[in-house]
Each structure stands twice: as C-alpha cells, then as structure tokens.
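Residue numbers (this note's numbering), protein chains in the order written: chain A, 1 to 486; chain B, 1 to 300.
Since the hints were derived computationally from the structure, they do not count as laboratory data.
Fair warning: this is a prediction, and the values are worked out from it, not measured in the lab.
Check the hints yourself; a few may be wrong.
Here are the simulated DSS-like cross-link-like pairs (lysine-lysine), alpha carbons at most 30 Å apart as the crow flies [as the list claims (entries may be wrong)]: (1) B:LYS45 to B:LYS25; (2) A:LYS366 to B:LYS45; (3) A:LYS285 to A:LYS315; (4) B:LYS213 to A:LYS285; (5) B:LYS213 to A:LYS366.
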Amino acid sequence: MAEFTIKERRQIPRHAMPTQDPLERRTNFGEVALGYSESEALEEANRCLACRRPTCVTGCPVGVDIPDFIVALREGDLDRSVRILKGKNSLPAICGRVCPQETQCEVQCVLAKKGEPVAIGRLERYVADWDLQRGAETPQVAPTTGNKVAIIGAGPAGLTCAADLARLGHKVTVFEALHNPGGVLVYGIPEFRLPKDKVYAEVGCLECMGVEVVTDVVIGKLFTIDELLTERGYDAVFIGSGAGLPTFMRIPGINYNGVLSANEFLTRVNLMKGYQFPEYDTPVKIGRRVAVVGAGNVAMDSARCALRLGWRRAKLEGGQPPDVHIVYRRSAAEVPARAEEVHHAREEGVIFDFLTNPVEIYGDDKGNVRGMRCIRMELGDPDASGRRSPIPIENSEFDMEVDQVIMALGTSPNPLVFRNAAGLERTRHGTVRVADAETGLTTKAHVWAGGDVVTGAATVISAMGAGKAAAADIDRYLKGEKAEAE
Amino acid sequence: MLTYLPSRRSSITRWEVQVYEIIEKQVFSDVTKMVVVRAPEVAHKAKAGEFVIVRVDERGERIPLTIADFDREQGTVTLIFQEVGKSTMQMGMLEVGDGFANLVGPLGHATEVENLGTVACVGGGVGIAPIYPIARALKEAGNYVISIIGARTQSLLFWEDKMRAVSDELVACTDDGSYGRHGLVTAPLKEVLEARSGEIQRVWAIGPAIMMKFVARTTEPYGVKTIVSLNTIMIDGTGMCGGCRVQLKAGAQFVCVDGPEFDGHLVDWDLLLARQSFYRVEEQEAVERWQQLVRLENVA
Ligand SMILES: Cc1cc2nc3c(=O)[nH]c(=O)nc-3n(C[C@H](O)[C@H](O)[C@H](O)COP(=O)(O)OP(=O)(O)OC[C@H]3O[C@@H](n4cnc5c(N)ncnc54)[C@H](O)[C@@H]3O)c2cc1C
Ligand SMILES: Cc1cc2nc3c(=O)[nH]c(=O)nc-3n(C[C@H](O)[C@H](O)[C@H](O)COP(=O)(O)OP(=O)(O)OC[C@H]3O[C@@H](n4cnc5c(N)ncnc54)[C@H](O)[C@@H]3O)c2cc1C
Ligand code: SF4
Ligand code: SF4
Ligand code: FES
Chain A
1 MAEFTIKERR QIPRHAMPTQ DPLERRTNFG EVALGYSESE ALEEANRCLA
51 CRRPTCVTGC PVGVDIPDFI VALREGDLDR SVRILKGKNS LPAICGRVCP
101 QETQCEVQCV LAKKGEPVAI GRLERYVADW DLQRGAETPQ VAPTTGNKVA
151 IIGAGPAGLT CAADLARLGH KVTVFEALHN PGGVLVYGIP EFRLPKDKVY
201 AEVGCLECMG VEVVTDVVIG KLFTIDELLT ERGYDAVFIG SGAGLPTFMR
251 IPGINYNGVL SANEFLTRVN LMKGYQFPEY DTPVKIGRRV AVVGAGNVAM
301 DSARCALRLG WRRAKLEGGQ PPDVHIVYRR SAAEVPARAE EVHHAREEGV
351 IFDFLTNPVE IYGDDKGNVR GMRCIRMELG DPDASGRRSP IPIENSEFDM
401 EVDQVIMALG TSPNPLVFRN AAGLERTRHG TVRVADAETG LTTKAHVWAG
451 GDVVTGAATV ISAMGAGKAA AADIDRYLKG EKAEAE
Chain B
1 MLTYLPSRRS SITRWEVQVY EIIEKQVFSD VTKMVVVRAP EVAHKAKAGE
51 FVIVRVDERG ERIPLTIADF DREQGTVTLI FQEVGKSTMQ MGMLEVGDGF
101 ANLVGPLGHA TEVENLGTVA CVGGGVGIAP IYPIARALKE AGNYVISIIG
151 ARTQSLLFWE DKMRAVSDEL VACTDDGSYG RHGLVTAPLK EVLEARSGEI
201 QRVWAIGPAI MMKFVARTTE PYGVKTIVSL NTIMIDGTGM CGGCRVQLKA
251 GAQFVCVDGP EFDGHLVDWD LLLARQSFYR VEEQEAVERW QQLVRLENVA
C-alpha cells in the first residue's frame with residue numbers, strides 16, 4: 001500500500017457517514033447510520049497521523065489504543081485491529097454507534113485543531129462489525145483464580161466490569177432484573193440507533209469468556225447485597241444498576257391516560273418490541289399530536305420512535321401524519337442531547353418548541369389527555385453553576401392540543417437494590433457515595449459501584465470507564481495486593 | 001432464572017433457555033386455571049401478598065400474577081389466573097412439562113399480618129386465590145377471620161373448602177344466584193359491619209378493581225381500614241417505568257414497589273379504572289388474532 005506523507009493525510013477530507021434518507025427512515029426502524037464501506041473505512045483510516053503521543057486516547061474513558069487499531073485497519077490486518085480494540089473495549093460495536101465521540105476522543109484529535117478530526121467512532125464501528133460478521137473471536141482468558149465476583153446489572157458498566165474480571169481469570173456472575181441483558185442499550189436506545197442483535201452479540205462474546213449472565217433476578221428482592229457476600233459466597237460485588245427511576249413533573253393532570261414516562265414508552269417500544277405489535281404481545285399507543293417534554297438523548301429517542309410509529313400508521317391506515325414536538329424550557333443552545341441526534345430528529349420532522357414549559361395537563365371525561373397548558377420562558381442571568389436558568393414570562397400561558405405526553409425529564413437510581421446493604425451510603429440525590437472516586441469503592445467493604453448509579457444519568461462510555469476502573473481495583477483486592485480501605 | 005450459557009466463537013448468543021417448568025396444573029373452570037411452577041429461589045423468598053411477573057415466550061408481554069401459594073421444600077410457586085386476554089389464554093394452554101420463558105420475583109411488599117382481633121377477607125373472582133394466603137396468615141396470627149367470597153357464577157367460584165379451613169365464618173355468593181347467596185359481596189359485608197359494629201378491625205379485599213372500589217365505599221362510613229391489592233397494568237415491576245402508578249390522596253405511587261396493597265379509602269378509583277382500560281382496543285385485537293391462530297392450528 002502506498003505510504004502517505006503527513007501533508008497528504010491532512011488533505012484527505014473526513015468521510016461522511018452514509019445514512020438512510022430521512023423521509024424514508026422515519027417510516028421504519030432500520031438503522032439510520034449505515035456504516036462505512038471498506039474503501040470509505042480505509043480512506044478515513046488514512047487520515048490518522050498515528051501521533052506518537054496521541055491526544056485522542058486521553059479523551060477515551062476506557063483508553064482505546066486509537067492510532068494502533070487504525071493503523072492495523074489501514075494495513076489490512078483487521079484481525080490485529082480487533083485484538084487491539086477489544087484489548088481495552090469489550091463493547092466496540094456499541095461504542096462505535098452511541099459514544100458521544102464529539103466530546104470524547106474526537107474532540108482531542110490533533111486534526112480537530114485546524115479541521116475535522118478522524119472519525120474514530122465510525123472506524124471503531126467498522127472494525128467491530130467486521131469482527132461480529134466473522135463470528136467474533138474470544139479474547140484470551142487467564143487461568144481461573146477461584147475468586148467469585150457478583151455484578152449487579154447487565155448495562156455497560158456491569159458488562160465491562162464483568163469482561164475485565166473474567167479476562168483476569170475470576171469467576172463472574174452478572175445478575176440482571178429484566179429478561180434480557182444490556183440495560184439502557186436494550187430498553188432505552190432504539191433499534192434504529194443501535195440494533196439489538198449487536199448488543200446481544202457483544203454480550204455473547206462475554207459469555208464466551210466464561211461470564212455467566214443470569215436474568216430475571218432483582219437484587220434487593222430475590223437476593224440482597226448482604227446475602228451475596230455471605231450465604232452466596234461472593235468475594236466482591238460491583239453495583240452497576242444504573243439510574244432507572246423516572247421523574248414526573250409535579251403538575252396537575254399527570255396521571256391521565258396518554259401521559260407516560262420516556263422509560264415506559266421506550267421500554268414498550270424497544271425491549272418489548274411494541275413496534276412489532278401484534279407479532280409481539282406488548283401494545284404501544286401513539287398519539288396524533290405528541291409532546292415530548294425534555295431535550296436530552298432520551299427525549300430525542302422518544303420523539304423519533306413516536307414519529308416512526310405515527311408515520312407507519314399514516315402509511316398503513318391513511319390519515320394524518322404525526323405531529324411530534326420536543327418541549328424544552330431552555331433554548332437551543334442548552335440542549336443536552338448529542339448534536340447528531342438533534343440533527344437527525346430535525347431532518348425527520350420533529351418540531352422543537354424552546355423556552356416552553358408545561359404547567360398543566362387536561363383530560364377528557366374518559367380520563368385521556370387532550371391538551372397541555374404551557375408557559376413561555378426566558379433565560380435569566382447565569383446562576384452559580386454558570387447555566388442560565390429559565391424564568392417563566394408572566395401571563396404567557398397558551399394551550400397545546402396534544403393526545404400524548406412523554407416525560408423525558410431525567411432519571412435517578414432505583415433504590416430497590418439497596419435493601420439490606422448495611423453500611424452502603426448514598427448521597428441526597430440517591431446515588432451511591434463512593435469512598436474512592438478513582439476506583440468506585442463504596443463505603444461498604446467488598447462492594448464497588450460505577451456508572452449511572454454513581455454519577456446519575458451520563459453516558460455509555462463513562463459507565464464503561466467506571467466498570468473498568470472498578471474491575472482493576474477488585475482484581476488488586478482479590479490478589480491481596482491491596483488491603484481494602486475501610 | 002434464565003442462564004446464558006457460554007457459547008464458543010459465535011456472534012449470535014446461543015442461550016439455553018431454562019424455562020420455569022409447570023409441574024402441576026388444575027382447571028378450576030373454563031377460564032380459571034392453576035399452575036404450580038418450579039422456581040426454587042423465588043419460592044424460598046416468597047411471602048403472602050407478593051407477586052411475580054411472567055412471560056410465556058420470547059414474544060410475550062410481562063404480566064403480573066400474585067403468588068397464590070408457595071412450597072419451599074418443593075421449590076415451587078402456585079399461580080392462579082383467569083383468562084381475560086391473549087396472554088392469559090395462551091398460558092391456559094400450557095400443560096405440565098411446558099414452562100414460562102421468564103418468571104421474576106418476588107415483587108412488591110408482603111402483607112402486614114398482625115393480631116388485630118376480628119377481621120374480614122373479601123375475595124372476588126380470581127381474587128379468591130390471592131386472598132387465601134392472607135386469610136391463612138391472619139388466622140395463624142390469631143385473628144377471628146370472617147371471609148366472604150364471590151364470583152359471577154358458580155363455575156367461577158373455587159377454593160371454598162380451602163377458604164373455609166382458614167376462616168371462622170364464611171359466606172359464598174354469586175352474582176347470578178347459581179350458588180350460595182344471590183348478589184354481590186358487598187351485601188354480606190355490609191351486614192357483617194352492621195351486626196358487629198365496632199368489632200371489625202380491618203378488611204382485606206382482592207378482586208376486580210370495580211369490586212374493590214365498592215368494598216372500599218361500603219366500609220368507609222364505618223371507618224374500618226380497608227386494604228386492597230391493586231391490579232394496574234405493569235411492565236417491569238421494579239419501579240422503572242411508572243406505568244403502574246396510582247393516584248392516592250397524598251400523591252401518586254407506584255403499585256409494583258409501593259404496593260400492591262394500599263388503603264382503599266385513599267385510592268382514586270375512577271382514574272384507576274380508566275387507566276386499566278387504556279389498551280382495550282389493542283387487547284381485543286390481540287385476542288382475535290390469537291383465537292384465529294389457535295383455530296388454524298386445530299384445523300392443521
Ligand atoms: C433513551 C436513552 C438514550 C441514551 N443515549 C445515549 C447515547 O446515545 N450515548 C451515550 O453515551 N449514552 C446514552 N444514554 C445514557 C447511557 O445509556 C447510560 O449512561 C448508560 O447506559 C449507563 O450504564 P449503566 O451500566 O450505569 O446503567 P444501565 O444501562 O441503566 O444498566 C443498569 C442495569 O441494571 C439493571 N438493574 C437495576 N436494578 C437492578 C437490581 N436491583 N437487580 C438487578 N439488576 C438491576 C437494570 O435493569 C439495567 O439493565 C442514553 C440513555 C437513555 C435512557
Ligand atoms: C400485582 C398484580 C397481581 C395480579 N394477580 C393476578 C392473579 O393472581 N391472577 C389473575 O388472573 N390476574 C392477576 N392480575 C391481573 C393480570 O395481570 C391481568 O389479568 C393480565 O395481565 C391480563 O393479560 P392478558 O393479556 O391475558 O389480557 P389483556 O387482554 O392484555 O388485558 C385484559 C385486562 O388485564 C389488564 N392488563 C393487561 N395487561 C396487563 C399488564 N401487563 N399488567 C397488569 N394488568 C394488565 C387490563 O387492564 C385489562 O383489563 C394481577 C395484576 C397485578 C397488577
Ligand atoms: S470507546 Fe468511545 S470514546 Fe473511546 S475511542 Fe471509542 S468512540 Fe472514542
Ligand atoms: S490524535 Fe487524531 S491523528 Fe493523532 S493518533 Fe489520534 S486520531 Fe490519529
Ligand atoms: S411496573 Fe413499571 S414502575 Fe411499576
């Protein structure tokens with residue numbers, strides 16, 4: 001292969017991600033981003049300068065050896081590329097799709113200073129998909145140590161912690177409350193952003209390494225954390241139970257039929273495959289005029305699912321296409337969702353109502369939603385945190401006619417897991433208090449925690465980073481290299 | 001419990017489904033069935049008043065069912081259900097040796113049982129099943145237990161003998177008068193409250209929401225605390241979706257984690273009833289589709 005000079009590499013433009021046409025994709029659940037072709041991947045890989053001190057790596061919470069896997073890719077040695085990638089990241093097909101690369105690795109790429117960064121996430125996806133396609137190779141596993149570790153929750157934090165511990169030879173069991181592993185990856189993030197077969201395939205890779213995943217177990221109910229450490233004989237416990245508790249606004253009318261949490265809506269659609277009702281048994285209702293309250297990733301996903309189901313209905317049964325609004329009390333500049341998701345949502349026809357806040361929901365005599373009263377907001381001076389807080393504008397109330405309201409207002413940790421866990425402290429936000437922020441060691445002996453259950457709702461990759469750090473510390477402790485801080 | 005067994009070098013997870021096996025089945029009526037399911041860990045932890053969530057197969061919905069009984073030695077839980085829709089109809093066709101794809105529990109709070117003196121237990125329809133372990137526990141705690149059980153018609157009434165064995169007094173009634181007293185359970189309940197005014201310390205009522213609403217309305221003037229077990233629509237059963245929320249006087253609560261038992265005098269019944277029927281159209285569609293599938297299979 002011809003070698004490029006640095007100057008030549010710098011001149012290659014960043015390759016756009018091929019996507020499904022917005023007008024087409026809003027009627028189906030197929031993937032939006034289609035993935036690079038081989039030639040696109042190779043050309044994009046050629047942009048990387050393979051920096052001696054790669055700044056990009058510092059932006060990745062799990063420390064993927066970015067230039068190494070990219071160089072292996074462009075040299076045509078995909079096998080090696082996979083090995084490098086999976087050496088640090090056990091769930092690359094997932095991260096390649098949903099990592100907020102623009103604020104993680106890519107923002108740190110040297111090319112970003114003068115132009116556009118290397119499309120690290122897209123290359124990661126390419127390599128990971130190639131690996132899954134050929135039937136994923138099982139990573140090397142160390143000889144068994146005889147130690148037993150229990151992991152609570154099969155989300156990104158728990159799965160990463162499990163993978164790293166299994167690799168080191170420990171016996172790992174993951175307990176998951178739902179009937180499928182994956183956490184938010186399967187119940188929250190929709191099929192069109194992250195196909196579930198990719199998640200199950202990557203979980204399958206962990207199982208090849210000897211990780212045991214046991215579903216239908218609610219820790220705190222079937223077993224408690226104390227029981228895991230005593231009767232059940234686990235040497236250490238990692239809590240990766242996420243932040244799954246929904247928040248509802250405290251306004252009148254919140255319990256009318258048709259007002260639901262994003263968690264309920266997305267679980268019906270994704271985990272239960274409600275979008276395939278009646279082939280799958282769980283129904284999901286879609287209004288003609290839908291308001292999604294909030295503007296994070298969760299809100300974008302809810303709006304885009306509602307839009308797709310609405311368009312599909314319009315196509316099948318005729319009638320009006322759906323009218324889907326994002327209702328957000330701050331302005332466009334404060335939107336917390338990934339830029340790419342907002343862009344996709346707009347392309348598909350989601351309407352954004354900024355500086356708008358619901359104050360009351362109306363119902364009809366059957367108890368169904370028929371409208372929502374909102375108030376206009378303006379942004380005040382920055383508060384202590386530097387954020388401009390929204391202030392209602394007096395007498396600016398107006399009514400929106402809607403027949404479905406989806407609340408996507410953020411979540412907090414589900415307290416069920418903490419029943420009978422003496423000594424485990426929590427903050428006033430309900431998150432686990434960690435004694436050591438670097439490792440996730442909690443205030444309870446032999447117990448670590450990481451991911452959303454510690455930080456509150458955050459990102460897949462930060463949860464994975466926390467799982468990884470905890471695994472390393474648990475390993476040190478199990479090997480007796482470290483007396484546990486108590 | 002579903003264990004995902006390690007598979008070698010495969011991109012598709014081959015998980016071995018360890019179904020929750022049915023080891024005994026009884027048919028109480030055309031539409032009321034009992035299954036005893038092997039689930040040792042759940043049986044080990046189960047208490048009266050708690051429930052499980054089951055899924056018949058990979059495409060099934062998650063539906064809550066009360067733990068009607070459990071046997072720790074045998075490692076089984078007993079579920080009794082009425083066929084009211086697609087999922088319960090499909091469950092009704094399962095036989096000994098078949099199983100559920102998923103069974104998770106025990107969920108919810110157990111019934112708080114104490115010696116109060118004289119208490120009444122009201123079970124309507126399939127609600128007789130969950131009221132039974134509660135009546136038994138109350139009896140064992142030393143209470144004088146008056147039980148009232150009712151159903152639409154004789155064929156839907158079951159466990160009269162079992163209920164009698166754990167009650168000091170028992171009244172059975174049917175809506176159509178085909179067995180026992182003619183009428184709804186609220187009539188004998190009112191008589192008991194009248195006759196033993198001041199004596200009845202607490203009432204438990206489990207049955208259709210509409211029955212529980214009227215039981216609560218009957219006891220209210222007498223100021224007798226009335227515990228009901230709510231059957232809202234659920235998905236996860238762990239507090240994650242909020243779909244099961246119920247409006248109480250003091251605010252909304254989640255039935256799956258805060259309940260399922262609540263003070264019936266605090267519940268907003270009309271909202272509850274409206275929420276229960278939200279998916280009626282879809283439920284009807286699912287039933288019709290299912291019946292058609294079953295017919296086709298019988299023909300083939
Ligand atoms: C709709 C949506 C879209 C998102 N989009 C993005 C995105 O594009 N990019 C991104 O980086 N992040 C995104 N996020 C955030 C990201 O998904 C989370 O930060 C991440 O999944 C947290 O991982 P976790 O492992 O800590 O928890 P989770 O993924 O929440 O997993 C926790 C698991 O623990 C289980 N559990 C809980 N309690 C118990 C118990 N008592 N016993 C047993 N198991 C239990 C849960 O069922 C769950 O499976 C999104 C989140 C949502 C909701
Ligand atoms: C805590 C609890 C304990 C219960 N215990 C029992 C029991 O021991 N025996 C029994 O026969 N029934 C019980 N139920 C009710 C039972 O869950 C429903 O009858 C069942 O889900 C109906 O499913 P289906 O598909 O057959 O009917 P569908 O056609 O789906 O619905 C028929 C009726 O069931 C209700 N329903 C539908 N889906 C759900 C759902 N996911 N969760 C709850 N209710 C739903 C609807 O309000 C509707 O009125 C209980 C419910 C709860 C919440
Ligand atoms: S895992 Fe995420 S942050 Fe790390 S290199 Fe890959 S895309 Fe970037
Ligand atoms: S900083 Fe950018 S150019 Fe340098 S190694 Fe990382 S991805 Fe390649
Ligand atoms: S069933 Fe989801 S919160 Fe209760």
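Verification of the hints:
no., hint, verdict
1, B:LYS45 to B:LYS25, "holds, 22 Å"
2, A:LYS366 to B:LYS45, "violated, 40 Å"
3, A:LYS285 to A:LYS315, "holds, 16 Å"
4, B:LYS213 to A:LYS285, "holds, 27 Å"
5, B:LYS213 to A:LYS366, "holds, 18 Å"
Consistency with the previously given hints fails for number 2 only.
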